[in-house]
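**Q** Residues per chain, in single letters:
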Amino acid sequence: MLNEAKVIRKNYWSISPTDVYKTLKTSEQGLSEKEAQQRLKEYGYNELPRQVFSWFRVFIRQFKNPIFLILVACAVVSGFFGELKQSIAILLMIAISVVLGFFNEYKAEKIVENLRQSVSYKSLVIRDGKSYEIDSRLVVPGDINVVYVGDIIPADARIIESKDLQIDESTLTGESFSVEKSSKSLDIQHPTPQQLSNYAFMGTVVTHGSAKCIIISTGKNTELGTISKSLVRPHPETEFQKGIKSYGKMLMTLTMALAIGIFGLNAIIGHKLIDSLLFSLAVAVGLVPELMPAIVTISLSEGAGKMAKVKVIVKRLVSIEDLGNMNVLCTDKTGTLTEGKIILNDYYSLTEEKDPRILSYSLLCNKAAIGEKIIGDPIDVAIWKYAIDNCAQESVKDYSKVDDIPFNYQRRMMSTIVKKDDKLLLITKGAPESVVSRCKYAEIKGKNKPLSSVLKSINVKFNKLSQQGYRILAVAYRKIDKKTSYSVEDEKDLTFLGFLIFTDPPKRGARQAIAKLKEMGVNVKILTGDNELVARKICEDIKVPVKKVVCGSDLNQMSFTKLKKIVEETTIFARITPEQKLDIMKALKENKNVVGFLGDGVNDAPALYEADVGISVDTAVDVAKDAADIVLLDKDLLVLANGITEGRKIFGNTIKYVLMGTSSNFGNMFSAAAASIFLPFLPMLPIQILFMNLLYDIANMTLPTDNVDEEYIKKPKRWNITFVRNYTLFFGPFSSLYDFLTYGIMLFIFGASTPALAKVFQTGWFVESFWTEVLVMFVIRTRRIPFFTSRPSKWLTLLTLSCVAFGTILPFTPLGGFLGFAPLPIRYWILLILMVATYLVLVDAGKVFFYKICKF
Amino acid sequence: MTDVNLFVWWAAIISGGSIFQVLVAIYIYIKQRKRRKESKKIANNVDLLKNFIFVWILIGLLVFYIISIKIGSANLFAAGNIFVEVILIIYLMKNKLAE
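Chains as they are written, first to last, in our numbering: chain U, 1 to 856; chain F, 1001 to 1099.
Keep in mind that the hints were calculated from the coordinates and are not lab data.
Be careful, since some hints might not be right.
Stated by the list, open to error - Just some of the chain U residues that point at chain F, by a computed CB distance under 10 Å:
1) VAL72
2) MET93
3) ILE96
4) PRO193
5) PRO606
6) PHE670
7) ILE677
8) ILE721
9) PRO733
10) ILE745
11) PHE748
12) PHE787
13) LEU824
14) TYR828
15) LYS847
16) PHE849
Claimed, not checked - Only part of the chain F face toward chain U is listed, based on derived beta-carbon distances under 8 Å:
17) PHE1020
18) GLN1021
19) GLN1032
20) PHE1054
21) TRP1056
22) GLY1060
23) ILE1082
24) GLU1085
25) ASN1095
Unchecked claim - A short list of chain U residues far from chain F (calculated; beta carbon distances all over 10 Å):
26) THR18
27) SER185
28) LEU254
29) ILE343
30) GLY744
Backbone N, C-alpha and C fix where the C-beta goes; we use that ideal spot for every residue, glycine too.
Next up, chain U with everything else stripped away, as it sits in the complex:
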């Protein structure tokens, strides 16, 4: 029966939970571990059929590239006009490019695939009558799954118990509003997923309430499994992606203008049409930084691999560079600035008496699952641990739970209705200001007094404890009549009983981490659900200078324009809602900040998604981990600081490639265009330009391994297209000047001005052009004195010099003959060495002038 592929279409919606148990051969105690293992073998892992990492896909991707198409066009045009030798050479170059691209991308993808697998999602299941937290991949049909706010539903399930359950099904249906769900059976035929109000679907998120469900289908048999390919939600474009795009546009405009201009001018002057066409196409290929995607991917994947070693898992590669460029980090307090080990320190009434009911009531109004381990909200877990340590857990055995009113971030409290000796009691636990606002009385030494008479002393006590850095919850209660169901409306006329006092000490190392982030130019802001006094105390402890504190209630009345102004000067945002977190992210981004958000709660998910870099931790709720770009295996800001350094190095090396491509490379192609106008022959054959381009690409392959100067990674950087444009305009002509100089030497010193000596001219320019294009990288890669005060990586040095050596001996080899090169006189080599040396020193001198007036 269970073997049918489309289990979902079994009418589980129309039968009672008892019948669902029977049909799926399970019970309220869940499956036995043995049966669960058996079913795992039978149904396989609970995972979606996703694009499996395959070498074939990486290989095919190499052909989906405009450069590839231009090169193929060059080969076809050459072949068509009888230039067979040239056509074959171009095809060979295509093959080498494809192989190079394939091996590098394959390696990069493999790293990413391994990293992806290191982030897992957990599910709470009942097996053999006990609660276990297991990897969601191990969930099987028949498992009893318990879900709370923030959980991602691990597989398709029939709800058998629920409390105020609301689920966000936007992953499945596109509906942005959460839908209400319950365990009630439905009498409908052929329902659509939207109509199944007693089903919870894989990948959807619990936004409110809680539920107990039976898993009915897993993996590819789920609704999501059948349509998973169409459900990829695109992330907002990162700052880095926007920068790359604007750079691409700038380059494409230049390339198009130059290619069309060269073709037109050459045709007008009277060069052969086919030569003109091939030459202009080759110049276009020479200009396009075709290696850019590979350089970026290699840099990012190498960086991701290094970051994994320091326990930072990158889920979305492209976010690494934004991590490096991040100048504002918004973080929650718990577990980031504090140890995250919440301990119940004490509990007492307003008169500071240790009333045992405060503890027992908070055990009853509690969502922690007690199995082999205590699992649940850290506050609830802390209460249970305290009770067990003090042998107080027995105090609740005479009570039975009737109903719950779940926690939500608007009320900041939860309630439980319990029964003892046929009497019903509603117990509420939550943020003191929320609980107290619903109280009518306060219990003082066993007697109820009107709240108004003690409100002042409650506030004084609460503020005093908060100022000492304690996290405080209030406990209240009321007698309640029997009803069919209970809701938030019942949370009124409560009697205040006392406080629960928690400690969460500042994290060791947080102070150093904050100091390091500040040194790195990252401004830390704290977004917390706690009150401002607790947040201030933590900041004081870890030496975060607090400029301004804004509370959620202040933000409610604030316009977005005002918020944009206030976010810049505020250090602590206290008592804020998830929506306000999102608004803060938007305001910071509008102010042109690169914003990171570190959070682990369900309320953090929208902000994690909106931030330029969403950062979460491995212990976070599923929905937070899912929304994050980066997952920290240790919730430690120092680890994050290492990640930022890595991101800045990657950005630095990517920018080096951009600056090289837009200066030396551009200069060379510009000189080719100019020379083709006044020379009686082509200054370089298309095949020679393409070959030089290939060699240049190979030389750049190790650029991602290069060292980045310390001063470069000190502060966050941003894409600055004006800087790139100025750099191109300033340094591009240097290369052209030395190309023109080479023309002069070839034409007027060596007399290579006739078509008969075209080969000598072309070879001379090829060698000079290649030397300058590749060697200038050692100058451009640093603002310091190349080699003396800034050393390139050994791999970069080795590969670059090997390529230069190859380019130098090429004219003397049979391959050189095949490519149309001729040996050059010794005298030329001497002049070339002197000329290139002058060029490199001149560019370095140019840097002094340029960097004095232009800042990146």
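Chain U is already provided as a structure; the job is to place chain F on it using the hints.
**A** Positioned in the frame of chain U, the structure of chain F alone reads:
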């Protein structure tokens, strides 16, 4: 094209390239200066010799290259390059070590 024409073409293009570079340097300098002036970070006077030393080196180099190519002397070309390199290295050491 005759050799004479070719030389004129060549000299025109290399001069054009150099002039373009000088204009770019002036353009960037003026633009950045304007921006800094707005934020009152610099004084009003421009020291043409000090601020544009790089431009003078470039123009000097251009003249030298055109003359040496016109004469067609590889030796002059080589000696000139060595001379310019020495000057540039002194300039670099002075500037970069001062940083």
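**Q** Indicate, hint by hint, whether the structure satisfies it.
**A** The hints, checked one at a time:
1. VAL72: 33 Å, violated
2. MET93: Result: violated, 30 Å to nearest chain F Cβ.
3. ILE96: 33 Å, violated
4. PRO193: With Cβ-Cβ at 58 Å, over 10 Å, it is violated.
5. PRO606: 38 Å, violated
6. PHE670: OK, holds: U/PHE670 within 10 Å of chain F, min 9 Å.
7. ILE677: 8 Å, holds
8. ILE721: 15 Å, violated
9. PRO733: Cβ of U/PRO733 sits 4 Å from chain F, so the hint holds.
10. ILE745: Cβ of U/ILE745 sits 7 Å from chain F, so the hint holds.
11. PHE748: 5 Å, holds
12. PHE787: 13 Å, violated
13. LEU824: 13 Å, violated
14. TYR828: 9 Å, holds
15. LYS847: 9 Å, holds
16. PHE849: 4 Å, holds
17. PHE1020: Since the shortest Cβ distance to chain U is 6 Å, the answer is holds.
18. GLN1021: 4 Å, holds
19. GLN1032: 4 Å, holds
20. PHE1054: 4 Å, holds
21. TRP1056: 11 Å, violated
22. GLY1060: 11 Å, violated
23. ILE1082: Nearest chain U Cβ about 7 Å off; hint holds.
24. GLU1085: 5 Å, holds
25. ASN1095: 5 Å, holds
26. THR18: U/THR18 clear of chain F: closest Cβ-Cβ about 76 Å, beyond 10 Å.
27. SER185: 71 Å, holds
28. LEU254: 15 Å, holds
29. ILE343: At about 52 Å from chain F, U/ILE343 clears the 10 Å cut-off, so the statement holds.
30. GLY744: 4 Å, violated
The structure fails to meet hints 1, 2, 3, 4, 5, 8, 12, 13, 21, 22, 30 from the earlier list, while all remaining hints are met.
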